[in-house]
Amino acid sequence: MVGSDKRTRVESDTVKKQEGSRLYQPFRALGYITSSIPYSIQYRGQAAFITAGIGRSFHIYDSEKINLLFVGPRFDADVVSVLSIGDETFVSSGGQVTVCQRAKRVGELEAVKRGEISSLMQFGDYIIGISEDNAVVIWNRVTRELFTEIEFESESFQVTAVVHPSTYVNKIVIGSAQGSMQVWNIQTRRCLYEFKSFGSGIACMVQAPVIDVVALGLLDGRILLHNVKLDSAVMQLAQEGRVTSLSFRTDDVPMMATSNAEGDVALWDLNNKRLLHVLQGAHDSTIPSIEFLAGQPLLLTSSADNSIKEWLFDGQDGVPRLLRHRSGHFAAPQMIRYHDDEGRSILSAGRDRSLRYFSVFRDAQNVELSQGSLAREARARKVRVNDLRLAQISQFASNPVMAKDWDDVITCHQNSASAQTWSSDRKALGKHTLVPSDKSSAVKAVGVSACGNFGFLGLASGVIEMVNMQSGLSRRKFVGHTKAVTGIQADACNRQVYSTSLDGTLRIWDFATGQQAHCVELPSLPSHLALHRESGLLACI
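At position 496 of the sequence shown the residue is numbered 496 (this note's numbering), and the sequence of numbers has no breaks.
Just so you know, the hints here were simulated from the structure itself, not pulled from any lab data. Fair warning: this is a prediction, and the values are worked out from it, not measured in the lab. Any given hint might turn out to be false.
[Said to hold, decoys possible] Cross-link-like lysine-lysine pairs, in silico, BS3-like; alpha carbons within 27 Å at most:
| hint | residue 1 | residue 2 |
| --- | --- | --- |
| 1 | Lys196 | Lys171 |
| 2 | Lys477 | Lys439 |
| 3 | Lys113 | Lys65 |
| 4 | Lys439 | Lys404 |
[Said to hold, decoys possible] Okay, the calculated beta carbon distance ranges per label pair:
| hint | residue 1 | residue 2 | range |
| --- | --- | --- | --- |
| 5 | Val520 | Ser118 | 52 to 62 Å |
| 6 | Gly55 | Lys483 | 39 to 49 Å |
| 7 | Pro26 | Ser370 | 56 to 66 Å |
| 8 | Asp405 | Ser535 | 25 to 35 Å |
By construction, the Cβ of each residue, glycine as well, lies at the ideal position given by its N, Cα and C atoms.
Please construct the entire structure, taking both the sequences and the accompanying hints into account.
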């Protein structure tokens, strides 16, 4: 028994270690907005609410200000589809469809062993999904029981999209990767009609404002408006890139919007059957869903670039303007630091070439620090916004002590011989581009003094240059390192400056004179330097 108890305790300790750290527990995630799966919209009167899948959870936003209202529970696998109906949210994850109310689990639809279930949609009292093994699965929404399953042969008919034509009782139209469509009666499980292939796979389908007409988005970029009752073409248009989503305006303006995998949105004049405008680079990645809000001149778009945007059509030319948006990094963050001593805000630099401000408590305050009117310049030069951004930030430093008076953040960028100042108060690029005296040497490290008056530039040549944050002028140099500087810190009293370099040394300098006070040989090359000013502890990696 003693041996058994000991073995049990060891196994218990092993399980605890596998669960994660005993010291740190997940608190909350910052910067998640949306993902590559389509969102779902539900209406309460005139108000619209957006449900977006995020990794292994989901978020619910209001459309008026795109404020985060609810965060869903965490699932065991990634969310692949979401559907909101009234108070209920249906979430497909790990092959199971879970029912949530106000972001809390309340039940599950009857389980089916068919792999992942995608493309959830409502059909009256039924929920329809497409299974991983090429079947259309239908549940009763009220009883949550499985109603029926329609199986297909993948070689001849690979299901990609499903739509319910308005006024068609018990009937759905199913699209395939082979480019053909079939009309099915879900009560009798009979195929009523099969359309000939359109020559390219069907990526998405929606009901048009006109009865009997369905809009198809094809993989080759064509958009077809097809009369399913007469099996006749109504209109054919074409865009660049495969069609990922489409939507129609419902406020008495004959307009259709389509999106592609490159992040562009095309607007079509249906009366004249012509392209009206292209929002080139509306997003930085594929757009899985776009939708005009019911009865309003508002277009809502989401993207795999981790953003949701609302576009307002208030001009006479039919070209929209960006009304509001919510976004986060769409590439991995490279450097994250608390911006204030209280731990209320965070600055983050990512591979998407942006610098972002995050509030730990209020998501509405999260914002990307502006780099200027990039969208307007991108339209004028016909390039993408990301092409005009500053190079990726390799290191930044900040001190908000003087944020109300002048710039308080300084950044250096990959392969750049200058540094930039930023204002966390204005959430924008600052007044100065800091160019060191040695213009041929790239800036590799930066720092800000405890008083917020001075910034430090560490160069590839090993020289450290101190500049005034208010004027941008050089004040003194610290000369001693023989290779690129990797880290710079200044103490709380402006008496000493600490630096590390690829020459394998940690050097301590006199702040007032720039003279070296001490030099410490390190056992290996240092990559980063951190200082806790209150305790005077210096950490070198």
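Given pair status - lysine 171, lysine 196, alpha carbons within 27 Å: holds (19 Å)
Pairwise hint evaluation, lysine 404 against lysine 439, where the allowed Cα distance is 27 Å at most: violated (30 Å)
Restraint check for lysine 113 with lysine 65, where alpha carbons must lie at most 27 Å apart: violated (40 Å)
Outcome of range test on Cβ distance (valine 520, serine 118; 52 to 62 Å): Hint holds: Cβ distance 58 Å, inside 52 to 62 Å.
Cβ distance range 25 to 35 Å for aspartate 405 and serine 535, holds or violated: The hint (25 to 35 Å, Cβ to Cβ) holds, given that aspartate 405 and serine 535 are roughly 28 Å apart.
Given pair status - lysine 439, lysine 477, alpha carbons within 27 Å: holds (14 Å)
Range hint 39 to 49 Å (beta carbons of glycine 55 and lysine 483) holds or violated: holds (41 Å)
Range agreement (Cβ of serine 370 with Cβ of proline 26, hint 56 to 66 Å): violated (31 Å)
Hints 3, 4 and 7 from the earlier list are contradicted by this structure; the remaining hints agree with it.
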